[in-house]
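Quick note, the sequences are listed as chains A and B, same order. Numbered by numbering that gives the first Met the number 0, the letters in the first sequence go through residues 0 to 114 in order. Numbered by numbering that gives the first Met the number 0, the letters in the second sequence go through residues 0 to 624 in order.
Read the hints as simulated data drawn from the structure, not as lab findings. A portion of the hints provided could be inaccurate.
[Stated by the list, open to error] Derived Cβ-Cβ restraints for the label pairs, each shown as a range: (1) A:Asp112 with B:Pro228: 33 to 39 Å; (2) B:Lys159 with A:Gly36: 38 to 44 Å; (3) A:Asp56 with B:Ala171: 40 to 46 Å; (4) A:Asp56 with B:Leu505: 53 to 59 Å; (5) A:Asp112 with B:Gly418: 30 to 36 Å.
[As the list claims (entries may be wrong)] Covered stretches of chain B, as calculated for chain A (at least 3 residues, CB under 8 Å): (6) 320-328; (7) 421-432.
Treat the numbers as computed from the prediction; the structure is a model and nothing was measured. A virtual CB, placed ideally from N, CA and C, is assigned to each residue, including glycine.
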Amino acid sequence: MHDMLAEPADVAVTQLAPTQVAAAGAGLVRLSAARPGDRGVIVEVGAQSHPGGHGVDVDELERRLLEFGFVEGAHIELLHEGAIRRDPIAVRLDDMRVALRRRDAEDIWIQLDAR
Amino acid sequence: MSELALRPARVALVGNPNTGKTALFNALTGSRQKVANYAGVTVERKEGHVTTASGRSLSVLDLPGTYSLRARSPDEAVTRDAVLGRLAGEAEPDVVVAVADATNLRLVLRLILELKAVGRPMVLALNMYDIAQRQGLRIDLDGLRRELGCPIVTTVATRKRGVDDLVAQVEALAAAGEIGGHANAWREPTAPEIRAAHREAQRILRAYVRPPERPDTLTGKIDAVLLHPVAGLAILLGLLFVMFQGVFTWGKWVGDQMGDGFTALGAFIAAHLPPGLLASFLTDGVISGVGSVLVFLPQILVLFFFIILLEDFGYMARAAFLMDRIMGGAGLHGRAFIPLLSSFACAIPGIMSTRVIDNKRDRLTTILVAPLMTCSARIPVYTLIIGAFIPDRTYWGFMSLQGLVMFGLYAAGIVSALGVSFVIRRVFWRGAVEPFLMELPSYKLPSAANVARNVLLRGQIFVSRAGRIIFPIMIVVWVLANVPGPPPGATEPAINFSVAGRLGHLLEPLLAPIGFNWQMTVALIPGFAAREVAVAALGTVYAVSDAGGNPGALATQLAHHWSLATGLSFLAWYVFAPQCASTLGVVKRETNSWRWPIIMFLYMAGLAYLTSFATYHLAVALGAG
Chain A
0 MHDMLAEPAD VAVTQLAPTQ VAAAGAGLVR LSAARPGDRG VIVEVGAQSH PGGHGVDVDE
60 LERRLLEFGF VEGAHIELLH EGAIRRDPIA VRLDDMRVAL RRRDAEDIWI QLDAR
Chain B
0 MSELALRPAR VALVGNPNTG KTALFNALTG SRQKVANYAG VTVERKEGHV TTASGRSLSV
60 LDLPGTYSLR ARSPDEAVTR DAVLGRLAGE AEPDVVVAVA DATNLRLVLR LILELKAVGR
120 PMVLALNMYD IAQRQGLRID LDGLRRELGC PIVTTVATRK RGVDDLVAQV EALAAAGEIG
180 GHANAWREPT APEIRAAHRE AQRILRAYVR PPERPDTLTG KIDAVLLHPV AGLAILLGLL
240 FVMFQGVFTW GKWVGDQMGD GFTALGAFIA AHLPPGLLAS FLTDGVISGV GSVLVFLPQI
300 LVLFFFIILL EDFGYMARAA FLMDRIMGGA GLHGRAFIPL LSSFACAIPG IMSTRVIDNK
360 RDRLTTILVA PLMTCSARIP VYTLIIGAFI PDRTYWGFMS LQGLVMFGLY AAGIVSALGV
420 SFVIRRVFWR GAVEPFLMEL PSYKLPSAAN VARNVLLRGQ IFVSRAGRII FPIMIVVWVL
480 ANVPGPPPGA TEPAINFSVA GRLGHLLEPL LAPIGFNWQM TVALIPGFAA REVAVAALGT
540 VYAVSDAGGN PGALATQLAH HWSLATGLSF LAWYVFAPQC ASTLGVVKRE TNSWRWPIIM
600 FLYMAGLAYL TSFATYHLAV ALGAG
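Isolated chain B, as found in the complex (with noise of 0.2 Å):
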């Protein structure tokens, strides 16, 4: 027996983007995947695993979307040394399913040729078949498998038709082993070689595809609207309008009823354990502190929700082409919107995803402001602030007057985003940015099932961001706030005399000039590890200091403790603050030096503190101090 028929064979995705490869991934492995990062480098690595029939394992790695195997970023790198086996602690692929979407073949059939090339055994995939089907469009299986040379297996990914196909095939060559390839014969190719594989591509699909006769004209009909120039940048504000008034209306609604369900947690166990520190360290810091954290997970699923569908539904594009001139005029790429807009869930996800931008500058551009877009994490914070100072008032019936200061500041964040992108363009990077060429995809009605395991896999991992990193913080927030205990017959509050009462009263004079109290100080200081530590750390601040004399909910603390203008100043503080280790950590891991997480701490940190300034200064000088 062979080495081979031992262990799971490996099996690489590979396809042009919008093809539907992640649905066929989804389709192949349901829920048996993993979603790490390549070693080295920060492109996500996502592998399942598949048992076929007779029993035999599959390991399948979904490989980043490209046109060509002449990579242009990071992640289309990925994708070629995945194919051709130079990737550091990948093995070389046992079989190659290239993933094609059965309407629009042309491109593919360059990169299948490319693939050939490369030598490795491989199963074309026609996906979305039943599209093509319903358009009228006639391939000539049999003769393209003759010309390829390679099995063809047709298949509806959303709805798991021709995956059992698809197995068997990869199988049955994983079993031949060694015998269907042959040494790898592909490199870069010239200009005139691509012309060359084009012309091929035309005269196989001269040969063995007959045009649609029904063609796809629902999607130009909708584009006619979407990409209209006044009407489709209409449409754009409006998604982003109502995205972010379900964010805080239905997001917030769960949130509440979450709130609640940990207050009554805490509450049971007050009234169950004698009071004492084992019963604060449970309610103060671990119920209250992961709590409040927990509780904005609805709105981050929201989120999700609405960029996932409008990315499946093939809106996402057409929001970068509609984007592209006016992020143009800031110096950022049209690539630039889908990471920054990724930023508004998170800014991780977002640096990471800048990888498709395959010009050095454009990136780091990109990079270094994606951190201003309001990620998720400071919903909590503009929640706790907006809940605590802005009435809840509803004007015309539906528009929430607390939904438009949260759609302001949102605005804020875009607006400075794209300053900050113009002064790095016009000051420190004078030059053209990269080419902006994309592909506009086919309409598509998502599919509910694909949406939902996205969101779902999103939602993950933030509950685990929120397991692995907020919990021990809140751990050493408790601590902090009550170690050293009050020496007996203290009349103070508790945490006067704790560390972090200390660190707060001295770091006080330095923010003072911006309206900030000593608690906050204290909150800031946690809050630097993650920014919505901040809201668990002020409960866990407030609660201790007040326990017993003020159990109301932490905005009504805040509301009595803090003047308006401290509250707009901790906004505007929280528009610009570099309060998230972790997106310092993945800044240094993308750009490999401590330069640019040292240059965004620092403008972003000059930017809070000038911002604040000046809010709470023009806020007093009006009378709301």
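Only chain A is shown next, with the shape it has when bound in the complex (with noise of 0.2 Å):
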């Protein structure tokens, strides 16, 4: 799943291309289009889409992601988000509430539970 979804490094991209949304599956979001109620279960943690973009490399924002606990099977849920341009946005994760840009969370990918 992880080299299916490597994108070359173009920072432009912040989209999925359509054949990539129709391979992820339905109810499959990154972290970064979620909306406010949106939960789910963690399916899958990278940081790929944006080298250059973050201040840090895509390996240490990844680690990063992971020691916050954004965690392949982790629980997690938009609680709220900035005013302006919808960012920041605060998660539940598991059993804490965490902060984060949507810049940093695209390669976070959420199987949304079915409403």
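Work from the hints to combine the two standalone chains into their complex.
Structure below.
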């Protein structure tokens, strides 16, 4: 799955190509595209979309996300978003609350719960 | 007997942020604490002492909170190096106390797994255990003890519960000495290793912790309001406004009473000493100099009271969340909010707390703009000038005009800080700011004792600064303003003949275009040591030059001697002026080069001059000259 979703080192790419959405399946969203009230389980954590766009390299961002508990299998719910461009976002992550920017949440994939 | 049995055992407190680690440190060590810096780095080093029931001495270090030993900021590097025994001038701890929020164990379990790899004898303190019990969270303590292979103590730091038990466990481990530890096997984990550690932590949680029956729903309800995109920002602004009104009304009232006390003391001394140099030195130099600064202590305490209260309540992380995008627009990191907010009290702790920002450019940008935030040392200057030139009117029963002007000055500081950082990030350092990742802790009722202790600690630091820096400077100022004395038969004020008077006259042409007279120029010279000194210096300059002629309050004197345009120009100068030698010194130490303090000095002096120039000429054009 990791390889399939790996994208070229193009900073401008922020949206999935249509074929990739189809391959990803229903109910699978990037955390960066989630809306308040969306909840589900994290199925993949990465940071590859914006090399050079985070102020740290992608490996470092991935490790930081992991250290805060953004890890495969964690339950997540988007609680709040900021006033300007809906950014940053506050999520419930298992039993704690974490704030982050949508840009840094680009490669966290969530399988949404059926509503 | 081993060497360990003879010296105090070294204990290090390690844990995630927001676990009540510092409250536990306070409960353990009480008032026997010492705040200093680690050798070579400027991370605050908090050490305290405990004597156990059997008379054993423990020296306890409160290490900066971290989620991982894989340190990313200078603060976290201190925690890592202290635990590993790599810190210059610090021996490795004999016992590590891992402090955990009992209601939020997942992340700390991963940290504990890292600490186990380090191999120092360890005790786990499950803090906030009362909240866990209230929520109906069940922890199988025996199982967890076996699993982790270390003693577990449950504590409620804010009520000092479990503290004796913790001390006893630490002492037992210290007595066992090296037997309890093993060689360090820690190294920086890779992403797959962090994932594996999470799975391990998850397994441990499933096995020994039953989720709460009555989870905390209050935090969610409060957040729905406080993190609301519109209401949340409005509340944040409202809180800041109340904070400044509080500083200006409550703080000022107490300060005024203290001021009256100092005046009475000065009069008492003047009445009981023969007139001459000694009486002048005591009343004009010492009492009016140090007194005019100490009277601002109540306001500083009120400001710190609000900051510490909001921090302990859990609000500061929310404020950073609300401000991240606004600050991000100016090229600042969301984490810069707390350093910048601390800079409202003093730029020095503000600049030092930028160590939580890992990226060098994000950090330097924050450091460069931090002194633009209105520090408490400006309060004396602002209060004095506002008191002298702004009428004391109240609108709608609660909104004081003086408070509004004060609020405006604070706003000017904030706006200029954002503007300067915007220019830095757009012109000099383009590129992305660091990721913003921050835990939003559960709201907690702050403990009155902890808030009081921290407010007093900040007050102590201010007073010792007033004592060690301002007092000697006041003596120098008094000497400069009195030596050499006037020739016999001189009719002009004595200060005209002194060194300060001559310097002031010498520099006057430079500052005349912005409306400053020579007395102000004189006051600015010692004012470069610390901002608030300018008030004391103005007091000395005017008290000396008009001694006996006009004994009223300094504000009355200024209103009498300055035009409104000059007063406003002086206010504008103080929004930007780089008038704090200690700030420049701290910047030098934090950046390890003279380059940044010099850049800071030049850009701030330039902004100050330009703004004062514009303010003065605008005010004169409007008829306030």
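Evaluation of the provided hints:
no.: 1; hint: A:Asp112 with B:Pro228: 33 to 39 Å; verdict: violated (25 Å)
no.: 2; hint: B:Lys159 with A:Gly36: 38 to 44 Å; verdict: holds (42 Å)
no.: 3; hint: A:Asp56 with B:Ala171: 40 to 46 Å; verdict: holds (45 Å)
no.: 4; hint: A:Asp56 with B:Leu505: 53 to 59 Å; verdict: holds (55 Å)
no.: 5; hint: A:Asp112 with B:Gly418: 30 to 36 Å; verdict: violated (45 Å)
no.: 6; hint: 320-328; verdict: holds (count 7)
no.: 7; hint: 421-432; verdict: holds (count 3)
Consistency with the previously given hints fails for numbers 1, 5, ordered from lowest to highest.
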